[in-house]
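Trainee: Single-letter residue listing:
2 protein chains.
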Amino acid sequence: MSVLLYDTTLRDGTQSEDISFTVEDKIHVAKLLDEFGIHYIEGGWPGSNPKDIEFFRSIKQHNLKNARISAFGATRRAKLTCDDDPSIQALLESEAPVACIFGKTWDFHVTTALQIELHQNLEIIEDTLAYLKKHVDQVFYDAEHFFDGYKANPDYALQTLQAAKRGGAEYIVLCDTNGGTLPFELGAIIEEVKKQIDTPLGIHCHNDSELAVANSLTAVKHGITQVQGVINGFGERCGNANLISIIPNLKLKMGIDCISDEQLRKLYHVSHSIRELANMAEWKNQPYTGKSAFAHKGGIHVSAILKNPDTYEHIAPEIIGNQRRVLVSDLSGRSNIQYKIEEMGLDIDINDPSVQELVNTIKELENQGYAYEGAEASMELLLQKSRGLVPDYFKLRGYRVIDERREQDKEPISEATVRVEAPNGDTYHTAGLGNGPVDALNTALRKALEQFYPVLNEITLIDYKVRILNTTVGTKAKTRVLIESTDGKTRWTTVGVHNDIIRASYLALVDSIRYKLYKENI
Amino acid sequence: MSVLLYDTTLRDGTQSEDISFTVEDKIHVAKLLDEFGIHYIEGGWPGSNPKDIEFFRSIKQHNLKNARISAFGATRRAKLTCDDDPSIQALLESEAPVACIFGKTWDFHVTTALQIELHQNLEIIEDTLAYLKKHVDQVFYDAEHFFDGYKANPDYALQTLQAAKRGGAEYIVLCDTNGGTLPFELGAIIEEVKKQIDTPLGIHCHNDSELAVANSLTAVKHGITQVQGVINGFGERCGNANLISIIPNLKLKMGIDCISDEQLRKLYHVSHSIRELANMAEWKNQPYTGKSAFAHKGGIHVSAILKNPDTYEHIAPEIIGNQRRVLVSDLSGRSNIQYKIEEMGLDIDINDPSVQELVNTIKELENQGYAYEGAEASMELLLQKSRGLVPDYFKLRGYRVIDERREQDKEPISEATVRVEAPNGDTYHTAGLGNGPVDALNTALRKALEQFYPVLNEITLIDYKVRILNTTVGTKAKTRVLIESTDGKTRWTTVGVHNDIIRASYLALVDSIRYKLYKENI
Numbered sequence: 001m002s003v004l005l006y007d008t009t010l011r012d013g014t015q016s017e018d019i020s021f022t023v024e025d026k027i028h029v030a031k032l033l034d035e036f037g038i039h040y041i042e043g044g045w046p047g048s049n050p051k052d053i054e055f056f057r058s059i060k061q062h063n064l065k066n067a068r069i070s071a072f073g074a075t076r077r078a079k080l081t082c083d084d085d086p087s088i089q090a091l092l093e094s095e096a097p098v099a100c101i102f103g104k105t106w107d108f109h110v111t112t113a114l115q116i117e118l119h120q121n122l123e124i125i126e127d128t129l130a131y132l133k134k135h136v137d138q139v140f141y142d143a144e145h146f147f148d149g150y151k152a153n154p155d156y157a158l159q160t161l162q163a164a165k166r167g168g169a170e171y172i173v174l175c176d177t178n179g180g181t182l183p184f185e186l187g188a189i190i191e192e193v194k195k196q197i198d199t200p201l202g203i204h205c206h207n208d209s210e211l212a213v214a215n216s217l218t219a220v221k222h223g224i225t226q227v228q229g230v231i232n233g234f235g236e237r238c239g240n241a242n243l244i245s246i247i248p249n250l251k252l253k254m255g256i257d258c259i260s261d262e263q264l265r266k267l268y269h270v271s272h273s274i275r276e277l278a279n280m281a282e283w284k285n286q287p288y289t290g291k292s293a294f295a296h297k298g299g300i301h302v303s304a305i306l307k308n309p310d311t312y313e314h315i316a317p318e319i320i321g322n323q324r325r326v327l328v329s330d331l332s333g334r335s336n337i338q339y340k341i342e343e344m345g346l347d348i349d350i351n352d353p354s355v356q357e358l359v360n361t362i363k364e365l366e367n368q369g370y371a372y373e374g375a376e377a378s379m380e381l382l383l384q385k386s387r388g389l390v391p392d393y394f395k396l397r398g399y400r401v402i403d404e405r406r407e408q409d410k411e412p413i414s415e416a417t418v419r420v421e422a423p424n425g426d427t428y429h430t431a432g433l434g435n436g437p438v439d440a441l442n443t444a445l446r447k448a449l450e451q452f453y454p455v456l457n458e459i460t461l462i463d464y465k466v467r468i469l470n471t472t473v474g475t476k477a478k479t480r481v482l483i484e485s486t487d488g489k490t491r492w493t494t495v496g497v498h499n500d501i502i503r504a505s506y507l508a509l510v511d512s513i514r515y516k517l518y519k520e521n522i
Numbered sequence: 001m002s003v004l005l006y007d008t009t010l011r012d013g014t015q016s017e018d019i020s021f022t023v024e025d026k027i028h029v030a031k032l033l034d035e036f037g038i039h040y041i042e043g044g045w046p047g048s049n050p051k052d053i054e055f056f057r058s059i060k061q062h063n064l065k066n067a068r069i070s071a072f073g074a075t076r077r078a079k080l081t082c083d084d085d086p087s088i089q090a091l092l093e094s095e096a097p098v099a100c101i102f103g104k105t106w107d108f109h110v111t112t113a114l115q116i117e118l119h120q121n122l123e124i125i126e127d128t129l130a131y132l133k134k135h136v137d138q139v140f141y142d143a144e145h146f147f148d149g150y151k152a153n154p155d156y157a158l159q160t161l162q163a164a165k166r167g168g169a170e171y172i173v174l175c176d177t178n179g180g181t182l183p184f185e186l187g188a189i190i191e192e193v194k195k196q197i198d199t200p201l202g203i204h205c206h207n208d209s210e211l212a213v214a215n216s217l218t219a220v221k222h223g224i225t226q227v228q229g230v231i232n233g234f235g236e237r238c239g240n241a242n243l244i245s246i247i248p249n250l251k252l253k254m255g256i257d258c259i260s261d262e263q264l265r266k267l268y269h270v271s272h273s274i275r276e277l278a279n280m281a282e283w284k285n286q287p288y289t290g291k292s293a294f295a296h297k298g299g300i301h302v303s304a305i306l307k308n309p310d311t312y313e314h315i316a317p318e319i320i321g322n323q324r325r326v327l328v329s330d331l332s333g334r335s336n337i338q339y340k341i342e343e344m345g346l347d348i349d350i351n352d353p354s355v356q357e358l359v360n361t362i363k364e365l366e367n368q369g370y371a372y373e374g375a376e377a378s379m380e381l382l383l384q385k386s387r388g389l390v391p392d393y394f395k396l397r398g399y400r401v402i403d404e405r406r407e408q409d410k411e412p413i414s415e416a417t418v419r420v421e422a423p424n425g426d427t428y429h430t431a432g433l434g435n436g437p438v439d440a441l442n443t444a445l446r447k448a449l450e451q452f453y454p455v456l457n458e459i460t461l462i463d464y465k466v467r468i469l470n471t472t473v474g475t476k477a478k479t480r481v482l483i484e485s486t487d488g489k490t491r492w493t494t495v496g497v498h499n500d501i502i503r504a505s506y507l508a509l510v511d512s513i514r515y516k517l518y519k520e521n522i
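Those protein sequence lines, which keep their order, are chains S and X. For the first sequence, position 259 matches number 259 in the UniProt record's numbering, and the numbering has no gaps at all. For the second sequence, position 472 matches number 472 in the UniProt record's numbering, and the numbering has no gaps at all.
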């Protein structure tokens, strides 16, 4: 048996209170999902906002390997025909090969929210689908509030599905929109639906009762073959069904084909990359991909794990790209480093004394708030520096940033100066303006360094992320800055931590520059 | 039907990587749980650490209303008698009226982890329970790895339960220790157990597959009458079964008696208080008790919620002490603004032209990157300013921030100056140092303003969040800053957006100050 995965991170996921993707973020997420083996990617709701229209235009220029792009929308408005309804037209203009539209199942919603007659709703469902069917490659129907609607009025709920079937829906997706349904109820209702509807069925769950994963699996157990969900369970209120948990549960525990073994090994990477793009705080205890998911603390557990990991692990962490952590100081440190060394393909013996020294250095830095996940370039610099393989390319003598707004209604000005000492002893004192203090600092720094390292003009900074660490002390909080750079060939990310955000940014900038020089073997 | 609630926040919950309670914290948690109506509180493992011994000594001086205190432990060591085993003796010395001990179910664990014969393990289980039964009021048995053990060797797994029964266990608790069991398997196995064991059964689940809540409910559906779990699902790896979700699911959805309606209204309070005591970061999307659990963002949802909250809520938030929130964002329209107006208790007609103007203003600001979700104070200021109800408390003439590091190995220094014009025309020019540029700016600004608005000295900044908006332009990216403030009575959050992070922070700081003055009717 196999199941199709339909991801709605870019649509329902963005309903989450704190998530707001740029178009570039959305493209990045779509490419990650495609590599991961997701079958359908719902890119947005073209009828509802201009950012989504831009995404659909842009994604066409990318060749996806596995996934088809889907556009979301609603059934036509009661007073308009499909030809006149701007939201329906926006779906067509998106040129997405798949359209997924939702309609009302629950009689109470038809009369209370839409305020139309029950039979009108059936006509709307049928003719919207029939219309789209003529223009779009595949059409899916999301039966909103299906389970609540079925409990309130089973006959009417099933009539809405019949209307969708007549309209030509290729999949009918049963939605637990309010997230209040229990697995036992859900399974029983699906069995009733199957007696009357032979269209393939999908499931779309929300996590308001902390049951979205269980409900999705239960639906599959009852024969449903399309699962809709969101990476990391992002979404409005308590979030959508979490694909990061559903996928390994399906594949490893229910033996259901959905993605390949190789794709499954990307689970950790996909989960963490999309969390970073969404700028959402870490969920350490996240099932499967959390940093603590395979971390062992209790003494009894640790000693058993050393004898055989199956004693306290439900799966082997490597299968999904995560790793075991044993929270016993120098054991965990060294194995982490070993893992990193192997990952970077470096030839260092784990028993080399420099490794133990490095473990201590990293521990100290981690105490200060450094984290090297996602900042592999800083990690590699640290590692190679401890082995004497990174020269002192320059000495930083000092810097100053002035950020000021002299008069009301004037834009602020940022000016930076830096003093840098070159290897030959010459000192360069340069100044630069910028779009904010960090940009000014970057300008001044590059002006100084490019005089003796012209190769640095290849670097462009492409991402800048700020995270506040200990948040209970207001503007005195410690800041972690991640900077992503490219030279057109590769990309690398560096990190800086300090309670002064300028200083933290400066540290990450300087690491980015050193990394480029190191990679060029200068 | 009724179910007994057995909380292990103070024992299994503290296995969480980041949780470390003091004895005072533990007493505080126990009292909260008691008021909440929990039946059994597992206070710790007296045989394993001195802090737990201190807790058991101390809790005896408190009169609990509902709960019995339980002490956790293991079956005796193979080479010792119960009289000689210090861990068993520590259980007795704790003087807890209930003892809950765990033993091995899985043959592989007996031979691999304990390294003893299978029959020896059965004798150990039976005689440990029999010994404790003579000294303690109630004795429970936790069958560790029960489901994995049953799948590996059902006969032996059931023999261990028979041994526990012979030993006199009042409850036999089936544990999904590794958290890898699916609800379907779990239900079927419990049915098999019930055929052979007539001792009352309990369930103890872990969340490694994001199924701990579903598994606990499934167990109850199959006749189990004691549920073990942890508040907020804290615990080792991915945590234990979350009582904060289990309790309302049992009571509101399965109609199972466990706590009173009045106690259920404390769910939000208990969840948040214990999170604070554990010093764990907020889980905004937490089912039932998260700040976002009843927050509505999409325009369609909001317009339906205004007609009837049942349209997009699975339960009424007041039942569990939470509340509804409506967010204003680029996905929203007039309905969200209307809801906000009502929430703030303002008397504004939605059809007032000022409202349409405000909607347009907000859309324009949102295009610039503003987001008012979580920044309700800035939203209220905007709304009231559009109606001429916020005076010009002061004019900001200009500011300057200098952030510099003069010499290598010196810490950076941040200095700010501001020029502010008071309503009477006087200009104040002040300076301040800080722990980073934003802190310096805050110091200088407050120094100026407190001269004519002394009430501002009540404000403390408690949180500072930075988000970079369009991330592909590196250090030129636009920055959104959220600042949370308090005056000891209430908390409010304000927002600022600019491509200069200093300027963005400054805008949020100034809004926070204006909001305080506005609220004081100055």
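Mixed in with the good hints there might be a few duds.
Identical chains share a label here; the pair holds if one copy fits it or two copies do between them.
Said to hold, decoys possible - Distance condition first, Cα-Cα at most 30 Å in a straight line; then the derived DSBU-like pairs of lysine-lysine: (1) 195 with 79; (2) 31 with 284; (3) 478 with 447; (4) 134 with 221; (5) 195 with 253; (6) 151 with 291; (7) 221 with 266; (8) 284 with 133; (9) 151 with 79; (10) 447 with 165; (11) 31 with 134; (12) 60 with 363; (13) 363 with 410; (14) 519 with 266; (15) 221 with 385; (16) 489 with 519; (17) 363 with 519; (18) 266 with 447; (19) 221 with 253.
No lab work stands behind these hints, which were simulated from the structure alone.
Trainee: Hints first: check each against the structure and report whether it holds.
Mentor: Here is how each hint holds up against the structure:
{"no.": "1", "hint": "195 with 79", "in the structure": "neither (34 Å within a copy, 61 Å between copies)"}
{"no.": "2", "hint": "31 with 284", "in the structure": "both (25 Å within a copy, 28 Å between copies)"}
{"no.": "3", "hint": "478 with 447", "in the structure": "both (29 Å within a copy, 23 Å between copies)"}
{"no.": "4", "hint": "134 with 221", "in the structure": "neither (33 Å within a copy, 47 Å between copies)"}
{"no.": "5", "hint": "195 with 253", "in the structure": "both (28 Å within a copy, 26 Å between copies)"}
{"no.": "6", "hint": "151 with 291", "in the structure": "between (40 Å within a copy, 28 Å between copies)"}
{"no.": "7", "hint": "221 with 266", "in the structure": "within (25 Å within a copy, 36 Å between copies)"}
{"no.": "8", "hint": "284 with 133", "in the structure": "neither (44 Å within a copy, 40 Å between copies)"}
{"no.": "9", "hint": "151 with 79", "in the structure": "within (29 Å within a copy, 59 Å between copies)"}
{"no.": "10", "hint": "447 with 165", "in the structure": "neither (66 Å within a copy, 69 Å between copies)"}
{"no.": "11", "hint": "31 with 134", "in the structure": "within (29 Å within a copy, 64 Å between copies)"}
{"no.": "12", "hint": "60 with 363", "in the structure": "between (46 Å within a copy, 28 Å between copies)"}
{"no.": "13", "hint": "363 with 410", "in the structure": "between (46 Å within a copy, 23 Å between copies)"}
{"no.": "14", "hint": "519 with 266", "in the structure": "within (26 Å within a copy, 51 Å between copies)"}
{"no.": "15", "hint": "221 with 385", "in the structure": "neither (54 Å within a copy, 56 Å between copies)"}
{"no.": "16", "hint": "489 with 519", "in the structure": "within (12 Å within a copy, 55 Å between copies)"}
{"no.": "17", "hint": "363 with 519", "in the structure": "within (25 Å within a copy, 46 Å between copies)"}
{"no.": "18", "hint": "266 with 447", "in the structure": "neither (40 Å within a copy, 53 Å between copies)"}
{"no.": "19", "hint": "221 with 253", "in the structure": "both (12 Å within a copy, 22 Å between copies)"}
Violated hints, in rising order: 1, 4, 8, 10, 15 and 18; the structure is consistent with all others.
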